[in-house]
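Peer 1: Letter by letter, the chains look like this.
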Amino acid sequence: MKSMNKTLLSAAMAVALTSTAAHADLSNDKVKIGVLADMGGVYADICGKGCVTAVEMAVEDFGGTVLGKPIEVVSADDQNKPDVGSAIVRKWIENEEVDVINGLVASSVTGAVTEVTTNAKKIAMIAASASDAFTTKSCSPYNAHWTYNVTALANGTVKPMVQGGKKKWFFITADYGFGHALEGIATKVIEEEGGEVVGAVRAPLGTTDFSSYILQVQASGAEVVGLANAGADFVNSLKTAAEFGLTDMMDVAGLLVFTPNAQALDPAIAGGMLATTGFYWDRDDESRAWSARFKERHGAIPAMPHAGAYSATMHYLNAVKATGTDDSDTVMKHMKANNPDDFFAKNATLRSDGRMVHDMYLIKIKKGSERTSPDDIFAIQSVIPGNEAFAPILPECDFK
Amino acid sequence: MATFLGINLFGLFGQLLVGLINGSFYALLSLGLAIIFGLLKIINFAQGAIYMLGAFGAYLGLQYLGIGYWAALIVVPLVVGLLGILMERFLIRPIANEDHLYSLLLTFGVALVLQGLFTHMFGSSGLSYAIPDALKGGTKLPFMYLPSYRAWIIIASLTVCFATWWMIEKTKLGAYLRAGTENAALMQAFGINVPLMVTLTFGFGVALAGFAGVMAAPVYSVSPDMGSSILIVVFAIVVIGGMGSIGGAIITGLGMGIVEGLTKYFYPEASNTVIFLVMVIVLLIKPAGLFGKEA
Numbered sequence: 000m001k002s003m004n005k006t007l008l009s010a011a012m013a014v015a016l017t018s019t020a021a022h023a024d025l026s027n028d029k030v031k032i033g034v035l036a037d038m039g040g041v042y043a044d045i046c047g048k049g050c051v052t053a054v055e056m057a058v059e060d061f062g063g064t065v066l067g068k069p070i071e072v073v074s075a076d077d078q079n080k081p082d083v084g085s086a087i088v089r090k091w092i093e094n095e096e097v098d099v100i101n102g103l104v105a106s107s108v109t110g111a112v113t114e115v116t117t118n119a120k121k122i123a124m125i126a127a128s129a130s131d132a133f134t135t136k137s138c139s140p141y142n143a144h145w146t147y148n149v150t151a152l153a154n155g156t157v158k159p160m161v162q163g164g165k166k167k168w169f170f171i172t173a174d175y176g177f178g179h180a181l182e183g184i185a186t187k188v189i190e191e192e193g194g195e196v197v198g199a200v201r202a203p204l205g206t207t208d209f210s211s212y213i214l215q216v217q218a219s220g221a222e223v224v225g226l227a228n229a230g231a232d233f234v235n236s237l238k239t240a241a242e243f244g245l246t247d248m249m250d251v252a253g254l255l256v257f258t259p260n261a262q263a264l265d266p267a268i269a270g271g272m273l274a275t276t277g278f279y280w281d282r283d284d285e286s287r288a289w290s291a292r293f294k295e296r297h298g299a300i301p302a303m304p305h306a307g308a309y310s311a312t313m314h315y316l317n318a319v320k321a322t323g324t325d326d327s328d329t330v331m332k333h334m335k336a337n338n339p340d341d342f343f344a345k346n347a348t349l350r351s352d353g354r355m356v357h358d359m360y361l362i363k364i365k366k367g368s369e370r371t372s373p374d375d376i377f378a379i380q381s382v383i384p385g386n387e388a389f390a391p392i393l394p395e396c397d398f399k
Numbered sequence: 000m001a002t003f004l005g006i007n008l009f010g011l012f013g014q015l016l017v018g019l020i021n022g023s024f025y026a027l028l029s030l031g032l033a034i035i036f037g038l039l040k041i042i043n044f045a046q047g048a049i050y051m052l053g054a055f056g057a058y059l060g061l062q063y064l065g066i067g068y069w070a071a072l073i074v075v076p077l078v079v080g081l082l083g084i085l086m087e088r089f090l091i092r093p094i095a096n097e098d099h100l101y102s103l104l105l106t107f108g109v110a111l112v113l114q115g116l117f118t119h120m121f122g123s124s125g126l127s128y129a130i131p132d133a134l135k136g137g138t139k140l141p142f143m144y145l146p147s148y149r150a151w152i153i154i155a156s157l158t159v160c161f162a163t164w165w166m167i168e169k170t171k172l173g174a175y176l177r178a179g180t181e182n183a184a185l186m187q188a189f190g191i192n193v194p195l196m197v198t199l200t201f202g203f204g205v206a207l208a209g210f211a212g213v214m215a216a217p218v219y220s221v222s223p224d225m226g227s228s229i230l231i232v233v234f235a236i237v238v239i240g241g242m243g244s245i246g247g248a249i250i251t252g253l254g255m256g257i258v259e260g261l262t263k264y265f266y267p268e269a270s271n272t273v274i275f276l277v278m279v280i281v282l283l284i285k286p287a288g289l290f291g292k293e294a
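In order, the protein sequences belong to chains A and B. Heads up, the first sequence is in numbering that gives the first Met the number 0, so the first residue is 0 and it goes up one at a time. Heads up, the second sequence is in numbering that gives the first Met the number 0, so the first residue is 0 and it goes up one at a time.
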């Protein structure tokens, strides 16, 4: 009799539990995702409309509803301006019932936005920013930094080159927060591995002509020039390096190379260069299948933030479904306790500090003769395990 | 290695030469602006977008029409010049008698529309355009490696700049032009078609930017915002040279290229502000600019 009671009791509890899940505890009876990105500026190809498309794809693949309630996607252009970005997000959260933020490109914008989301206890899924601040000095229990960061780039690209005997480095650095952070972390890696930095120039963001800097690199006696910049700065500096014969004299390491930037370069110039990425479309059948669907809608192959935005959205929606709520603390706890696993996130885990640690890839840009199509640009050299690419958790950012 | 006062002289020569190369670009772009302002009193804020149009023209011509670099040097400025003529005829002419501010705002709007259109069509990452085969490679100078294409930039830009200066300042056609803008009614009375001359001059000034765009395509990233970043610098150069002074624009363009090159060598962080610093100083000492006539 006693055991009968126990069985009944557990059955009742099971019913009670499932019914909690069935009666969804969703604020405003929906889940609303706000995608904030650069829709028309320098980063538009990295995470602009493409990130919106990726999030929409995730919502559709999820079925369009969660717990029987609709999932909505809204998007806006932050113009790479922190004040614009944070004002939009504040309005979204306060007046438009947005539950979670995705996208987030320029690190300066992300810094301002995550302050707003943290105060409002809303989750920020950071798909495209490079700075490591969101899981270190500006860490927050509501940040989930998905695709990559500067530490992973420096560890991924710089370490194997120094270990391979390239000891003397020179940096051409974009003169703003991201460039300084990248140069700083790369310098640390170089010195730890027994190399030295023989010089660095800080070129203002948006510099068109890099020839002066290239002459300085040539005179420096370095073995490698590290390009601690991104986007058009990266393209222009590499083009000039090739024109002035620098690429024949020494190795060039691009510290942040997105697929659209690599496509913007003549293969004769960029071919052979090493870089680190969080995703490449042509990795396996799974990544190829998703990328083909993405390309059909977006018109170009995905850059790593696009794939990251999709993966982050899926993980969030799965957590909402599993916990039966869109309460940020509950969802975040579940996201950290359960590992993401999809075409993007391999051997992945969302750590307690909000860093999504996953396999990174050391790639080589293919030469023209190695390419079979305009999209065939990278060759994966090796897989960098997440714990080697990303820095360990800081005690002050260990949000259990 | 030769040094002087602790400065590596070879390095310095290299920077001077590189500065001169950039200066030739500045000269070409500011010349177009100076002509349009000096002769027509139109502040053309679309000049940067037109420079971008020139670079895209070279790219598109090659991709879709098989027009090579050399042909593009002629064809693209003509096409761009024609667009400029249409712009003058249908957009600027209707407000020609209003305050200069209106043409400034109008051309600024045109620039934004063009830039937005190209970002929409081609993305923001830029496109690649190869250096023509004949100009690949370079020469080893004692103090630096000079890529052949950079040498070509100096030669081509300076030739075009001085030919333009000579045409406007030294020929009969130039004299008509200057007289026509000075006193249109009088020139009309002599039987000169001043409105046509104005349209053609605007087209020519715009074509110069298109030419600079083609020159830039092989060395800089062909991207929708390439014009907006350079336009402000070029405006500062025109102000330093003296608004409307043709020779002033050329000389200042070259000079500022060198000043910027030296800044990149000694203190790179200031390289994108040094030209504005010079502008402030010049405006304080000589408000009309180095070569401008006092009003």
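Some clues are possibly wrong.
[Unchecked claim] A partial selection of chain A residues facing chain B, derived with a Cβ cut-off under 7 Å: (1) Pro203; (2) Leu214; (3) Asp265; (4) Ala336.
[What the hints assert, rightly or not] A short list of chain A residues far from chain B (calculated; beta carbon distances all over 12 Å): (5) Asp24; (6) Lys48; (7) Glu95.
Read the hints as simulated data drawn from the structure, not as lab findings. Predicted model only: the values in this text are computed from it and were never measured. The C-beta atom is built at its ideal place from N, Cα and C for all residues, glycine as well.
Peer 1: Take the shortest C-beta to C-beta distance between Asp265(A) and chain B; is it under 7 Å?
Peer 2: holds (5 Å)
Peer 1: Hint Leu214(A) vs chain B: min CB-CB distance below 7 Å?
Peer 2: holds (5 Å)
Peer 1: Asp24(A) clear of chain B by more than 12 Å, beta carbon to beta carbon?
Peer 2: holds (41 Å)
Peer 1: Beyond 12 Å from every chain B Cβ: check whether that's true for Lys48(A).
Peer 2: violated (10 Å)
Peer 1: Does the closest beta carbon of chain B sit nearer than 7 Å to the beta carbon of Ala336(A)?
Peer 2: violated (38 Å)
Peer 1: Regarding the assertion that Glu95(A) does not contact chain B, is the least Cβ-Cβ distance greater than 12 Å?
Peer 2: Its Cβ never comes within 12 Å of chain B, the nearest being 26 Å, so this holds.
Peer 1: Identify whether the interface hint at Pro203(A) stands, where standing means a beta carbon of chain B within less than 7 Å of its own.
Peer 2: Since chain B brings a Cβ to about 4 Å from Pro203(A), closer than 7 Å, the hint holds.
Violation of the numbered hints given earlier is confined to hints 4 and 6; the remaining hints are satisfied by the structure.
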